[in-house]
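Participant: Just so you know, the protein sequences line up as chains G and X, in that order. Counted from 1, the first sequence has number 398 at position 399 by numbering that gives the first Met the number 0; the numbering is strictly sequential. Counted from 1, the second sequence has number 114 at position 115 by numbering that gives the first Met the number 0; the numbering is strictly sequential.
There's no promise every hint is true.
[Stated by the list, open to error] Residues on chain G that point at chain X, a partial pick, calculated with CB under 8 angstroms:
| hint | residue |
| --- | --- |
| 1 | E132 |
| 2 | N254 |
| 3 | I258 |
| 4 | M279 |
Rather than coming from a laboratory, the hints here were simulated on the basis of the structure. Backbone N, C-alpha and C fix where the C-beta goes; we use that ideal spot for every residue, glycine too.
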Amino acid sequence: MNEIGPIFRALTRNKLGAMLIALQIALTLAIVTNAAHIILERAGEIARPSGLDEANTAVFITTLFDSNVDQRQLFRDDLDSLRAIPGVVAAAPTQSIPISGSGWGSSLYTSPEMPSNEAINFGNFMVDEQGLEAFGLELVSGRNFRADEILVRSLEENPDPTVTIVSQALADELFPGGDALGNTVWAEENGEKPMQIIGIYDHMQNAWPHSNNVNYTAMNPTLAMFGGRMMYVVRTEPGRLDSVMTAAEAYLSKNRSRIVDVVRSYEEQKQRTYSRDIAMVKLLSAVIIVLTGVTGLGIIGLAWFSVTQRRKQIGTRRALGASRFDIVRYFMVENGLITSAGLAIGLCGAVGLNWFLDTQYSVGKVPLWYLPLGMVALWLLGQVAVLLPARRAANIPPALATRSV
Amino acid sequence: MFSYYVRLALSSIRKTPVLSALMVLALGLGIGAFMTTFTVYYLMSGDPIPHKSHMLYAVQLDNWDPNEPPTESARDLEPQVTYQDGQNLIHAQTPAKRQTQIYASNVIVVPDSDEAPFDELVRATYHTFFEMFDVPFKFGGPWTQREDDDHAAIIIIGRELNDRLFDGENSIGRSVQLDDKYLEVVGVIDDWQPTPRFYHVDAGNQFEDTEQIYLPFTWAIDQPLLPSGNTNCWKPPDDSLPLMDAFLQSECVWNQFWAELETPEQAAAYKDYLDNYVRDQKAIGRFERPLNTFISNVREWLEVNQVVTDDNRVLVRLSFLFLLVCVLNTVGLLMAKFLGKGGEVALRRAMGASRGAIFAQNLVEVGVIGVLGGIIGTGFAWLGLQAVEKLYRGYQHLVHLDPVMLTAAIGLATLAAILAGLYPVWRVSRLAPAGLLKTQ
């Protein structure tokens, strides 16, 4: 390592060139670590389980527009027909789909005295006795709804449910002592509309992926008939989703008094909801790839040029006994010095940029371990990039020293 | 002289093809990335109704839960108003020139022909909507106060729907079947797409198409057409009443409310009017929170609703830094290239070229690289915008390269290249010719 001294002194003769590369590396580190942080955070959010059997679930939305049709009977016919399709495990009516961006939020009170700002908000899912199974939820304790407990709610009649099944997360929030099952909660203030928690299921997200109560959900034993909108969630046996969707769409489209608005696999639904996050992940990934490419190419270009300029000196060194490896090592060490300086500046840059992005746009703090990882990666990038011109330099014949040009 | 320099530049670029290609590519990528994110940002933050945006105000009233934390700014408040407040204001004599109350709904259109019925989004509103928002008409025109008062079964449709239902003919007086009801066409709107769609921006689809169906608010409530947009309630509707009546009398917010206020004085008077209205309501037991009313003009309203998302801003910042890296890259490459030209420069100097001439000639070369980078960058930006359109839903009005952006892209690339080249060019023009000639 005794050549660091001379290499460093040689560098000071072309300060600007070295500084430009160092600055480039610094900015690259700052951008890459911050972009990677945002990407991983979004990807983590998207990967959270919704609670549904995502690969084997489909969503159907239809709108009835003929007021002469008996909507309640149509619900019954639809459910009978959907459940009869080969490959269907369960089908249920619902008025909201988890992680769809649109749903019902309601609140629960754990005592008649509780003020409204302390009530617990949750995602309200109006389903029938097949709701749990159609959503693919596991009962942790308690029991499912019985068919005779399902109420019908419409613009004309508005009965209140007396039983509910809640997610484990909501149960724990309502009753931190763990005694949620069998306990009473109220849908309104002052002890109005009591309900008994008859069951607890493992996990399901509400309709809004970015809400802070995303894991608080509950099943409401109600057939919702507001306007003509009728929504179904259908779970199939593994591998049967496509055939079930085709058969279900064919059945639903037969009725001329309605239109079929949506026939969609749950995975597609989820992607639509997260489309902005997915876009952010893809755009930032593209930025990282192209940026490292540009920086790498820049290093190659500059080193290539400096090799061309120093042909004579390199030839002289070779003539004086330096091995090819010595020449390659010279360029690698030179690049290592410049890159290290750049990474040192970049470390401050990365932290500074993260501070700016976090205070302005709340992107969150970059985990500290991203920084050494990014530094090692960029350091390696520099070394790999400089290898090509360095090997070209090593091939300069020692005889060059003896020529005048 | 200039064209001679350009020819020299092109031949110099040809002499170092790899280095030149790297520079053009780096500049192009930087410009492309920045122009992609900036175009989206620029169009998102555009003024959807430039000549009137300062006179159109969205109204917010603080009717929320008294137990919730205090309201500090318009952002803390629901962006919509209750049905009853909207009705009270629209029937009152206020200082506003015009007011309109709006909500979104869905209907099924049943065509006369064999075509299958289809789903359409609806705006239920008052006749003032069309004048306030300068909606252009192809046939007919807005309905009037009288139709609002009569709860008339009339409809205004968009050009696209008119093409679909009536082959683009003048359809005034013909009828359209919505669900199982018939409405008479009184107007056909010409192409109209304010971007963002400012009159209803809270639903997360601020860049969607405008609706193809507009109906009298009064008629829509009679049916009732249920709202399809965001509906928020802090307290449940009174369940001793039929559901729809309870909903209309509730504290649920689901209507957009706009006022046209031509002068700052009028705006101040209207704000006072709203404050007094809330005080009157307090007297009958509503509005239990401290008095808060907000009016925001269109530009303020887009801010309040964060139409330009933080994601967009982060992308613009990061892609600007990316452009900076590309420019640094180019400076480095230019330095390398120009310092390698020492011999040629020395020769030209010895032949009598002044320093200024050398400077100008090399600057032209840098400029040529910049223009090439700009052209390639525009190509990249076009590709980038295609990608953005695919990645985001509802961005179709946001991803065209308009002429302003095109010119800006090439201008920016040239400027970036010239800035990047200024120092290398200066350096090369300062080279002492004698020393360099001697070593030859």
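Participant: Look at each hint and say if it fits the structure.
Facilitator: Hint-by-hint comparison with the structure:
For E132(G), the interface hint is violated, since its Cβ never comes within 8 angstroms of a Cβ in chain X; the closest pair sits about 29 angstroms apart. The beta carbon of N254(G) is not positioned within 8 angstroms of any beta carbon in chain X (closest approach about 11 angstroms), and the interface hint is therefore violated. Residue-level restraint check for I258(G) holds (minimum Cβ-Cβ distance to chain X is 5 angstroms; threshold 8 angstroms). Below 8 angstroms, beta-carbon pairs count as interface contacts, and M279(G) has one with chain X at about 5 angstroms; its hint therefore holds.
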